[in-house]
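Chemist: What follows is the residue order along each chain.
There are 6 protein chains.
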Amino acid sequence: MKLTKLHDIWAAGKPAVNGWCSIPSTVTAEMMSLNDFDSLTIDLQHGLVDYQTALTMLQAMNASGITPLARVPWNEPGIIMKLLDAGALGIICPMVNTPEEAQQFVSTMRYAPNGSRSSGPTRAAMIHGANYHFEADDALVSLAMVETVEALENVEKIAATEGLSGIYIGPSDLAVSMGYAPGLDRKEDDVDAAIGRILAACKASGIKAAIHCLSPEYLKSAHARGFDLATLGSDIRLFDMSIKSQISLARS
Amino acid sequence: MKLTKLHDIWAAGKPAVNGWCSIPSTVTAEMMSLNDFDSLTIDLQHGLVDYQTALTMLQAMNASGITPLARVPWNEPGIIMKLLDAGALGIICPMVNTPEEAQQFVSTMRYAPNGSRSSGPTRAAMIHGANYHFEADDALVSLAMVETVEALENVEKIAATEGLSGIYIGPSDLAVSMGYAPGLDRKEDDVDAAIGRILAACKASGIKAAIHCLSPEYLKSAHARGFDLATLGSDIRLFDMSIKSQISLARS
Amino acid sequence: MKLTKLHDIWAAGKPAVNGWCSIPSTVTAEMMSLNDFDSLTIDLQHGLVDYQTALTMLQAMNASGITPLARVPWNEPGIIMKLLDAGALGIICPMVNTPEEAQQFVSTMRYAPNGSRSSGPTRAAMIHGANYHFEADDALVSLAMVETVEALENVEKIAATEGLSGIYIGPSDLAVSMGYAPGLDRKEDDVDAAIGRILAACKASGIKAAIHCLSPEYLKSAHARGFDLATLGSDIRLFDMSIKSQISLARS
Amino acid sequence: MKLTKLHDIWAAGKPAVNGWCSIPSTVTAEMMSLNDFDSLTIDLQHGLVDYQTALTMLQAMNASGITPLARVPWNEPGIIMKLLDAGALGIICPMVNTPEEAQQFVSTMRYAPNGSRSSGPTRAAMIHGANYHFEADDALVSLAMVETVEALENVEKIAATEGLSGIYIGPSDLAVSMGYAPGLDRKEDDVDAAIGRILAACKASGIKAAIHCLSPEYLKSAHARGFDLATLGSDIRLFDMSIKSQISLARS
Amino acid sequence: MKLTKLHDIWAAGKPAVNGWCSIPSTVTAEMMSLNDFDSLTIDLQHGLVDYQTALTMLQAMNASGITPLARVPWNEPGIIMKLLDAGALGIICPMVNTPEEAQQFVSTMRYAPNGSRSSGPTRAAMIHGANYHFEADDALVSLAMVETVEALENVEKIAATEGLSGIYIGPSDLAVSMGYAPGLDRKEDDVDAAIGRILAACKASGIKAAIHCLSPEYLKSAHARGFDLATLGSDIRLFDMSIKSQISLARS
Amino acid sequence: MKLTKLHDIWAAGKPAVNGWCSIPSTVTAEMMSLNDFDSLTIDLQHGLVDYQTALTMLQAMNASGITPLARVPWNEPGIIMKLLDAGALGIICPMVNTPEEAQQFVSTMRYAPNGSRSSGPTRAAMIHGANYHFEADDALVSLAMVETVEALENVEKIAATEGLSGIYIGPSDLAVSMGYAPGLDRKEDDVDAAIGRILAACKASGIKAAIHCLSPEYLKSAHARGFDLATLGSDIRLFDMSIKSQISLARS
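Protein chains in written order, with this note's numbering: chain R, -11 to 240; chain W, -11 to 240; chain L, -11 to 240; chain X, -11 to 240; chain U, -11 to 240; chain G, -11 to 240.
Excised from the complex, chain R in its bound form:
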């Protein structure tokens, strides 16, 4: 199994920059893949993308060597397994609130005897090599999202889930759950403390810590703080920001 950028970065002990694809388009996905990301996540939850389009986006970004990940709409085996079979090398699973949910997620990601994933890696075996079945359980990245107060209370147990690769913090939902308005790059002390607690739980369990960021500055601070992966906004935010700034200049 040919290792991709995220595996290399983590093998080298460095933090990764993840890109985020919410636009259902092979063109925007390929454009993202031509830039300096370590991994790219196709978002099937809040992104405007469903499976059939995600497949073509995975194909369009394949030449880049960037690690393809996907966020699923919910912790359901059907869509998780479909995306893995389509070649995604990792899954970000939203709203994992309990250790049981974390365990179910991890089980879905792994073949027997480690888990309950059904065998049939149609495109994955084509792209990642004939030995895929035997290496997948180790190579695939499983990131459980901790993004509610309930999950926060369970974070140490979630982090201890056998086979879980790491935890991905959704700062916006976490803050909403704590009574704040949605948004990334949080400044509130208690939200920041919660983020710290999650990070500490990951470190204690020896798993990866990941977080969704908006600005490059916050992303760099997340790396400095010890996060192993930080996401740079999303394709939609990048595009929207650029339209608005340029049209504003043109209209000034």
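Honestly, the hints are just simulated from the structure, not real lab data. It is possible that some hints are incorrect.
Chain copies aren't distinguished; within one or between two, either way the pair holds.
Cut-off 30 Å, straight-line C-alpha distance, at most; resulting in silico cross-link-like pairs (DSSO-like, lysine-lysine) [unchecked claim]:
#  : residue 1 : residue 2
1  : Lys232    : Lys(-7)
2  : Lys232    : Lys208
3  : Lys(-10)  : Lys232
4  : Lys191    : Lys208
5  : Lys232    : Lys145
6  : Lys(-10)  : Lys145
7  : Lys175    : Lys232
8  : Lys191    : Lys2
9  : Lys191    : Lys(-7)
10 : Lys232    : Lys2
Following the hints, position chains W, L, X, U and G against chain R.
Modeler: The following block gives chains W, L, X, U and G in isolation, referenced to the frame of chain R:
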């Protein structure tokens, strides 16, 4: 958040006419939206439509100001939240048989602390305004389908679900569940009594009552009876009726 | 080569009813094909359909045995040959104004030595049989549209084009060209006389006469007048008519 | 309801050859349908196909009279009912490990009072006839996959599920679950014994036994052994095999 | 016919800002339409868009009131008429090098007796009103691209073409034709003089002058110089610029 | 500009094996690209593929390093330039019968001052490098199809066209033009002599000679005879052959 036609109609205390989109096409969806409906429901259950196409249909009907709704295949958080994020302003959820199922549905529709909806209204915020997060829980329409004998027995409790906007009657499934052949615009006394019971439960709980109709005549009688929303067949029935009547004339 | 309905109808000396597909959808195309048409034309000119979608529509209507035709955007070899290779059994070509244009159109439709069609009937040979190459020139229907004053002046020469199957009248463009507003089912004496002249030219040359109609009544009068094929409006008109009449009843 | 090939074959007491469609394409699906299969299964689990594309594939294979089946990603009512409404005449459901899961699957496949399927057979009624509702419960094929050690232990109870049409063996997952590498056409004694036990359970309950095969030879041996349906690899394997053998010859 | 933003801007004697859509996506098209452009051009020439996708993009941007334009791949009647029928309110035609080519282009844009456009405004009449046929010739914007030395030599005659709305300068091709490397926002004296000559020709003929720009600064200078419409780069440039600047900050 | 396999093979003086993609699918295109071809041609003429799908197929095969070519429906600038801008590194143009047509084709392929190609290599520049404009004229492969008696008579002049990369023989159309049934791998003496004359004309002009073959054996003989590129059937033939042989074995 800019209010759309259904909100206006209901604010004025009038009953609404809902259109039904089962054809997976932006062209037929846009054509429907150019007519005098108050809301249009994209049917992802029995309709031939899935998420990716539903997104483009939502876009194609956006200019009309008609309220976009969607019926989901099942009471599952993944697809409900995806459709809301895509801009649907309401969800019709099939086969809600118990108050627990109703509660789960409503929870999926609402942000913390009211519910468990995950924040990330990608297109919804673009289209419905920057304040979407704070107004969505109030503005979104949640209609639980009561369409089995079991649901009928629970209808008063279902209607009392905190946060539920209303109940949508599926007369065909309800009649099937009562031992009849499928079909709309029911004439049987016991089916009609069941419809009356559901209507009464809605009124008692102060929520909206809605029903799927076939003919304009039945629709008008439903309005007269007190229903707040009545659906006029479906795009497929409208199209099929027209083909058959015109070809029949041409062949006569 | 298995003969389809239009071939049978014409072999029996009867006039045909043609349906018209302007909506880019396999669902509406299949619905049309489940009704009593002899041929169905996918409209790539004024319809909202392009090649890739037309292919799937041809597939969706294949079970019906109705003869699949296509109208091309313009008298260009590329798209005509693509549609034939995709399985269309006839082409309606717009704006054929001169005998030279008619000849070029016919040449495009036929293999050497009869014409200049390139060999490679990818789907056509799958669907219509291994002997396709040898029967296609005879079986394919080529209908040149006469729809301008210039074409009218040339109609006898156009009708005499070696290998042309027939002429398809576009009454709306013809009337526009004669100084009237667009529309079908013309009542003006001079437009009607022009239609009569075209019909006579077809009869004189022993080729088929076809015309686009709107109402079943006009269609029947066209059959009575001697037209070999008459089109019943379009899917868009059928659908729109039905929406408008039913919503009007519901709102009354 | 017009019976299709698989129904005819089974009515005649003969074993069926099933084809497998993993490529999301109407063209490859139609090509498969032009060959001598009794049924064709669109694979929405490990195949690269999702609902919207599956719909067009069902349309493209409709002319053939071959029985259209679908394998779903998971035992979930939403997608099962959608595929039935789209015209699939049977469902293969993966990972049915307990009699309860089998019962839930069967319930999803059948209308009240036999089950919980919601009524609204949008395309199914168009294609399979106006009497669809009343014949569907009998005509639809429900195949539960037995492909784990847990399911094997429960196989007699699963086979006894009221209304279940048969069991479909996934030899690769079954072997993985038993500690072997994935793959079809198993040779191991214990895997073969497991297959024999499942076959015997089907015979004892008077339901169909089906199995996924790779080579024509193994398929024939499965038929000889008493299987009622055997699948011939998949479109992807057939295509890949041919590319590799021909390019190898060309390079030799 | 409801007038759109570009018509209003020009009626008010003000210069317009045009956006450019090269990504084949309803999502990016809709995002563009939510911003402060006066017109949006879907580029079917160098953009990665073809007709069927362009149709859905036109639908997705319809709510905005921004004037929808399209650039066609070549001066061919088929695609020009298809885009007008789909609702585009103007066409930018590349590589118009002679007055004859300009005349052919204008003829394609207009109904008889002004031109040779075929009548059948399928979506255009739905969206732009029942009176479309009678207002289209005046309302539609026809912009001929002058972008070669040959065209430059003919520019005064091209500008004098009866019925032509204006000339759209392609500075990159024009510069290439003059011996320079491709690129926008030209600084060379002779290219600038050529641009001035074209602008003067437009003013002399009383038609609109338009130009493709890259930076907001150059766009503003074009407005200041007297151009009636100036394009702000493209969606692809806007997106790419933003990815590169943000990832660069994140990596710094 | 990163050179791809075909460039390398030809630089090494070796003959190339070309694959042929007629199925409109990213999955089959990617599968082809995972095998040992030097170039892959997406067939927009007789293949079932149009531009929008071709774009996604180009993306799906990009990781392979195999040279992407396309065959266009006809010698028209619009589609040729669109495919080059989408990243195709060469074009096969059908039915080039005269030196004038060859010259027009070559002009379309090249930028000023060599030709008339419009500048705007949207995806091509992303994928093939920032220096694309300056290297494209040399790197792009232009293959004119000689496949009629008329073209044969002109072949020496066609071969002498300044800037033409080579001639691609369509043996089936050529044979049809000579009075034979269609088909590849011709055995007739006069067809073979015609092939020899074309080959000789290529050698005399120092350009590449290419030919469409069916069997690996004929392909190898073509290489032995001096052809620089030979095509191995098509994806459709490969797939069909495999279905038929395996189902035949299963049914035996």
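Chemist: Each hint should be assessed against the structure and marked as holding or not.
Modeler: A quick look at each hint next to the structure:
1. Lys232 x Lys(-7): Between copies only: 18 Å across chains, 32 Å inside a chain, cut-off 30 Å.
2. Lys232 x Lys208: The answer is both: 24 Å in one copy and 16 Å across copies each meet 30 Å.
3. Lys(-10) x Lys232: Classified as between; 21 Å across copies, 40 Å inside a copy.
4. Lys191 x Lys208: Intra 19 Å, inter 53 Å, cutoff 30 Å: intra-copy only.
5. Lys232 x Lys145: neither (43 Å within a copy, 39 Å between copies)
6. Lys(-10) x Lys145: So Lys(-10) and Lys145 fail the 30 Å test inside a copy (32 Å) and across (44 Å) alike.
7. Lys175 x Lys232: both (25 Å within a copy, 26 Å between copies)
8. Lys191 x Lys2: So Lys191 and Lys2 pass the 30 Å test inside one copy only (15 Å; across, 56 Å).
9. Lys191 x Lys(-7): Close inside one copy (22 Å), not across copies (46 Å); limit 30 Å.
10. Lys232 x Lys2: So Lys232 and Lys2 pass the 30 Å test across copies only (21 Å; inside, 34 Å).
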